[in-house]
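Chains as they are written, first to last, in my numbering: chain A, 1 to 421; chain B, 1 to 190; chain C, 1 to 373.
Since the hints were made in silico from the structure, they are not lab data.
In this text the structure is predicted, and so the values were computed from the model without any measurement.
Quick reminder that beta carbons are idealized off the backbone N, C-alpha and C, glycines included.
Incorrect hints may appear among the rest.
Unchecked claim - Pulled from the structure, derived: some chain C residues nowhere near chain A, Cβ distances all over 10 Å:
| id | residue |
| --- | --- |
| 1 | Leu17 |
| 2 | Asp38 |
| 3 | Gln96 |
| 4 | Gly125 |
| 5 | Met133 |
| 6 | Asn168 |
| 7 | Leu201 |
| 8 | Arg205 |
| 9 | Leu282 |
| 10 | Lys284 |
| 11 | Met285 |
| 12 | Gln287 |
| 13 | Arg292 |
| 14 | Lys294 |
| 15 | Lys353 |
| 16 | Asp356 |
Stated by the list, open to error - A partial selection of chain B residues facing chain C, derived with a Cβ cut-off under 10 Å:
| id | residue |
| --- | --- |
| 17 | Tyr97 |
| 18 | Lys143 |
| 19 | Tyr159 |
| 20 | Glu161 |
| 21 | Arg168 |
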Amino acid sequence: MATAPKDFRFGNFVGSLIQLIFWILIIVTLVGLPLIFIILFYVPLPPVNGEVLTPYLFFSMMVDPTRTIPIINFMIHTDMFRVAVFPGFSYAALLAAATIFIERKFLAKMQLRIGPLYAGKIEGILQLIADGLKLISKEIIVPSGADKLIFWTAPVAFVVTAAAVVSLIPAAPGWVVADLDVGIVAVFAFLGFFPLIALLFSWASNSKYPFIGGMRALHQMIAFEIPFILSALPVVILAGSLNLTDMANAQYPYWFVFFLPISAFVFYISSLAELERIPFDLPEAESEIVAGWLTETSGMIYGLIQLGTYVKLYALAGLFVILFLGGWAGPQIFPEEIMPGYTGEKIYNATTVNAVFWFTLKTLGMIMLILLPRGINPRIRIDILLHTGWYKLIVLAFINIFVALLLVYGGILGPGGLLST
Amino acid sequence: MSSNQSNTQNGSEQKEKVSESAQTSLSKKTETITPEFESSIVNQLVTRFTDKVVQVVYVRPGRTKILVPPNEIVQVATFLKDTLKFDHAESVSGTDYPKDNQIEVIYHLSSYSDEKLSSHVLALSTRVDRNDSRMPTLIDVFKSTEYHERETFEMLGVYFEGHPRNERFLLPEDWADIPPLRKEFRIKGR
Amino acid sequence: MGLEIVKETEEDRLMTLSVGPQHPGSGHFRFTIKVDGDYVVYCDPDPGYVHRGEEKMCEYRNFIQNIPHLERPVIHDSTNITYSYSLAVEELTNIQVPLRGQYIRALASELNRQVYTLYWLGIYGIFLGHSTMFMWPVGDRELFIDLLEALTGARVTHAYNIPGGVRNDMPEGFKDRCLRQVAYFEKRLVEYEDIFYNNPLFRQRTEGVGILTKEDAIKLGVTGSVLRASGIPFDVRKAEPYDIYNEIDFKVQYMKTGDSFARSMVPFLDMRESCQIIRTLLDKMPQSGEVRAKLQPNPKGPAGESYKRVESGRGALGYYIVSDGTPKPYRVKLSVGSFRNILALPYLLIGSKLADMPSIYWSLNYWPVEADR
Numbered sequence: 001m002a003t004a005p006k007d008f009r010f011g012n013f014v015g016s017l018i019q020l021i022f023w024i025l026i027i028v029t030l031v032g033l034p035l036i037f038i039i040l041f042y043v044p045l046p047p048v049n050g051e052v053l054t055p056y057l058f059f060s061m062m063v064d065p066t067r068t069i070p071i072i073n074f075m076i077h078t079d080m081f082r083v084a085v086f087p088g089f090s091y092a093a094l095l096a097a098a099t100i101f102i103e104r105k106f107l108a109k110m111q112l113r114i115g116p117l118y119a120g121k122i123e124g125i126l127q128l129i130a131d132g133l134k135l136i137s138k139e140i141i142v143p144s145g146a147d148k149l150i151f152w153t154a155p156v157a158f159v160v161t162a163a164a165v166v167s168l169i170p171a172a173p174g175w176v177v178a179d180l181d182v183g184i185v186a187v188f189a190f191l192g193f194f195p196l197i198a199l200l201f202s203w204a205s206n207s208k209y210p211f212i213g214g215m216r217a218l219h220q221m222i223a224f225e226i227p228f229i230l231s232a233l234p235v236v237i238l239a240g241s242l243n244l245t246d247m248a249n250a251q252y253p254y255w256f257v258f259f260l261p262i263s264a265f266v267f268y269i270s271s272l273a274e275l276e277r278i279p280f281d282l283p284e285a286e287s288e289i290v291a292g293w294l295t296e297t298s299g300m301i302y303g304l305i306q307l308g309t310y311v312k313l314y315a316l317a318g319l320f321v322i323l324f325l326g327g328w329a330g331p332q333i334f335p336e337e338i339m340p341g342y343t344g345e346k347i348y349n350a351t352t353v354n355a356v357f358w359f360t361l362k363t364l365g366m367i368m369l370i371l372l373p374r375g376i377n378p379r380i381r382i383d384i385l386l387h388t389g390w391y392k393l394i395v396l397a398f399i400n401i402f403v404a405l406l407l408v409y410g411g412i413l414g415p416g417g418l419l420s421t
Numbered sequence: 001m002s003s004n005q006s007n008t009q010n011g012s013e014q015k016e017k018v019s020e021s022a023q024t025s026l027s028k029k030t031e032t033i034t035p036e037f038e039s040s041i042v043n044q045l046v047t048r049f050t051d052k053v054v055q056v057v058y059v060r061p062g063r064t065k066i067l068v069p070p071n072e073i074v075q076v077a078t079f080l081k082d083t084l085k086f087d088h089a090e091s092v093s094g095t096d097y098p099k100d101n102q103i104e105v106i107y108h109l110s111s112y113s114d115e116k117l118s119s120h121v122l123a124l125s126t127r128v129d130r131n132d133s134r135m136p137t138l139i140d141v142f143k144s145t146e147y148h149e150r151e152t153f154e155m156l157g158v159y160f161e162g163h164p165r166n167e168r169f170l171l172p173e174d175w176a177d178i179p180p181l182r183k184e185f186r187i188k189g190r
Numbered sequence: 001m002g003l004e005i006v007k008e009t010e011e012d013r014l015m016t017l018s019v020g021p022q023h024p025g026s027g028h029f030r031f032t033i034k035v036d037g038d039y040v041v042y043c044d045p046d047p048g049y050v051h052r053g054e055e056k057m058c059e060y061r062n063f064i065q066n067i068p069h070l071e072r073p074v075i076h077d078s079t080n081i082t083y084s085y086s087l088a089v090e091e092l093t094n095i096q097v098p099l100r101g102q103y104i105r106a107l108a109s110e111l112n113r114q115v116y117t118l119y120w121l122g123i124y125g126i127f128l129g130h131s132t133m134f135m136w137p138v139g140d141r142e143l144f145i146d147l148l149e150a151l152t153g154a155r156v157t158h159a160y161n162i163p164g165g166v167r168n169d170m171p172e173g174f175k176d177r178c179l180r181q182v183a184y185f186e187k188r189l190v191e192y193e194d195i196f197y198n199n200p201l202f203r204q205r206t207e208g209v210g211i212l213t214k215e216d217a218i219k220l221g222v223t224g225s226v227l228r229a230s231g232i233p234f235d236v237r238k239a240e241p242y243d244i245y246n247e248i249d250f251k252v253q254y255m256k257t258g259d260s261f262a263r264s265m266v267p268f269l270d271m272r273e274s275c276q277i278i279r280t281l282l283d284k285m286p287q288s289g290e291v292r293a294k295l296q297p298n299p300k301g302p303a304g305e306s307y308k309r310v311e312s313g314r315g316a317l318g319y320y321i322v323s324d325g326t327p328k329p330y331r332v333k334l335s336v337g338s339f340r341n342i343l344a345l346p347y348l349l350i351g352s353k354l355a356d357m358p359s360i361y362w363s364l365n366y367w368p369v370e371a372d373r
């Protein structure tokens with residue numbers, strides 16, 4: 001707004017500013033301060049400079065910012081932070097949102113067009129927020145005769161399961177929401193829940209086209225679970241552990257993709273099928289069965305399912321990076337100290353930042369590779385899909401299992417081998 | 001009125017028995033070209049069925065038209081298909097002639113398999129009475145007439161005996177008026 | 001009441017689906033199918049959703065006034081659908097079209113054929129889930145539409161062909177622009193072939209699917225690219241050349257297999273051939289001359305009838321016009337390619353899988369609006 005509105009009066013402007021300051025002060029003292037007191041009563045915070053942390057001491061941090069560092073260090077290592085921010089929900093949701101935007105722009109460039117352009121100043125970057133607001137404001141239509149309980153809870157269950165898979169993926173050494181000893185088995189257990197949700201939702205929609213779509217989703221996802229699991233098996237053999245962090249650490253000199261290229265390929269194809277992406281998007285084939293098992297979704301239910309799908313996309317891409325591409329391994333490009341000469345407590349940890357950087361880069365690369373077939377291929381037919389999943393991929397996965405066994409028993413990889421540390 | 005040039009030149013009989021409202025050969029266009037090939041087809045027809053059954057309406061380069069009574073049409077069509085190698089019907093249309101109290105149903109036949117006939121369209125026409133318009137169907141001879149005859153039924157009210165579905169095809173389900181291509185059906189406001 | 005064992009009847013296994021107008025894969029057309037598992041056992045087309053009574057409306061307007069509404073059945077192939085009408089009216093009223101007008105008419109007809117076929121190709125791609133194959137043809141189609149807009153003044157529904165010739169002459173520099181566009185388009189056709197026709201997934205979905213044998217194609221009376229994909233090299237421009245086509249040398253493109261792949265390949269080959277024809281027409285066109293014959297205010301001719309056909313994007317488009325000596329036609333009947341081809345749909349669909357439905361249905365080159373007239 002370069003020009004002021006016509007009836008602009010300076011006195012009114014100053015008055016509105018004072019009103020703003022007034023309201024801020026009221027809310028801070030009447031609501032903010034008591035809230036901080038309550039939090040500080042219940043949350044154990046470390047002492048600062050030998051003194052107990054009180055709210056007034058907290059506000060004095062504005063004077064000397066280095067006093068906030070112990071607090072930040074403490075907060076970062078709580079469970080809440082991990083679930084909500086870093087390898088957990090916010091990170092996944094941010095990557096999912098970025099994925100949706102990248103997908104639309106990337107596909108548009110391949111198809112000789114521009115993609116979203118108008119929402120937001122730079123090349124339509126706020127398009128997602130616009131879409132999200134639109135979906136929230138739409139009416140949710142529940143078909144008559146639909147099973148209301150399942151109809152409302154299945155999309156929520158979809159997002160919850162996708163988030164559960166995300167919680168098992170480590171993004172840096174030591175940074176994982178749930179560090180299970182049987183990590184990879186838990187991932188597959190959660191992934192096995194998706195066909196059930198699709199089938200339940202399509203049955204609860206009480207309509208013919210979703211029924212066909214649900215059956216197709218069931219057949220497709222179940223057919224590709226076996227090659228999926230079989231292609232992760234050689235990684236377990238070579239790493240010697242079921243824990244995902246150990247698998248990433250075991251790839252120190254050489255990434256597993258060099259020893260297990262066929263497994264990586266089978267994993268890639270199976271993850272395309274699990275994610276229902278083109279060429280495997282039969283359950284939502286638009287021109288044959290309207291929208292498949294998503295036909296009766298509208299408004300925020302559709303929004304939740306899209307969110308779950310893209311979070312699952314991030315999870316599977318991250319899993320591929322952990323299993324085959326060395327996780328967070330990469331040359332150390334961040335300096336050891338960013339402020340040389342500072343001797344106090346530090347938040348910055350060079351290895352962690354480096355790990356996060358390489359992991360994110362590789363995951364984004366993998367995501368682009370998963371988005372790519374959409375611009376190139378048409379949809380596959382159900383019988384060809386099932387034939388591929390049950391026959392061809394299982395045979396290919398077995399080949400690499402034998403290769404991995406040979407490598408381990410031949411003494412090249414695995415514990416005590418020639419090439420492992 | 002007949003085209004005297006082609007009459008005397010190739011000596012074929014061109015009898016025009018139908019009324020003036022439809023058929024007059026455009027003699028200006030067919031100047032000196034004698035449509036020999038077309039006349040030979042027509043001659044074969046007239047020889048096989050007498051000219052009481054098959055009446056030749058006109059013979060032009062690439063287009064001929066014959067008129068047969070409704071009860072003989074299946075035989076003539078079978079002869080056209082088996083012997084003369086016309087293998088499909090391009091269209092079936094009906095024209096309402098309230099002045100003669102008749103509806104003319106005309107089949108345009110052509111051939112894909114025969115090279116010389118592929119540029120030729122033979123119009124096989126028949127006239128049914130307007131008030132009692134029934135005629136046998138040609139669906140057993142030319143399968144391609146199935147939907148066209150159905151459309152003629154709903155647009156003009158001609159009932160094709162032997163056709164499996166004499167039903168509404170293009171018109172909406174709640175059509176409650178007379179068949180629209182009849183001349184007494186007026187578009188509202190015109 | 002106790003429990004009784006109910007035997008499963010044949011009817012219980014079948015599910016009736018209405019691939020209706022409210023379906024992203026059907027167009028303005030409905031067909032009811034009954035599926036047994038994944039196999040289609042019954043199919044019944046139900047056109048008529050866009051029926052406007054074109055043939056009846058023709059009887060209320062004179063010969064020139066009929067042109068704008070007669071091109072509405074196929075708005076983007078409008079030059080061809082009025083070409084046939086103009087030929088029939090010229091025969092009835094004895095008008096001779098000047099030579100340059102004939103060339104321009106043929107040129108506009110070929111350009112329109114490209115526009116229609118590109119649109120059809122785009123929709124075929126998206127029905128099979130290939131979004132790139134929708135964006136590319138529709139994008140390239142825009143360039144042809146720009147050419148037609150420069151020539152006729154409108155993007156679609158050009159109202160360009162009138163009995164007696166075309167409405168106006170080509171603008172300046174049109175020939176160079178057209179040649180440049182055709183050269184660019186031929187390069188694009190190579191890319192289409194790479195991404196679509198040589199794509200193994202596309203071939204898997206369409207080869208061997210919905211085979212229409214030569215005898216059945218003749219028996220069902222199909223026309224256009226469906227006919228040429230079953231091994232019969234019939235093209236109205238070659239079999240019965242109208243206007244200037246007897247001086248243009250081109251090859252009729254046909255394939256022998258008769259499956260969905262052949263039916264999707266033949267229009268592509270036609271487009272390539274069409275580029276050649278456009279070049280030849282631009283070469284041979286007389287540099288100057290009238291483009292339209294001088295007409296009386298209400299042209300009319302002696303009573304008679306005429307049947308003329310033209311090769312449009314969907315097949316042979318025939319007009320049967322009966323005139324009774326007045327300026328308004330007595331009866332106009334359109335014999336459109338789409339209406340003839342729809343007979344093959346139940347024939348091909350019954351016994352095939354539901355997943356093959358898009359590739360069979362749209363490969364029949366069916367334009368619902370034209371079939372309904």
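Flag every earlier hint the structure violates by its number, smallest first. 1, 2, 4, 5, 7, 8, 15, 16, 19 and 20
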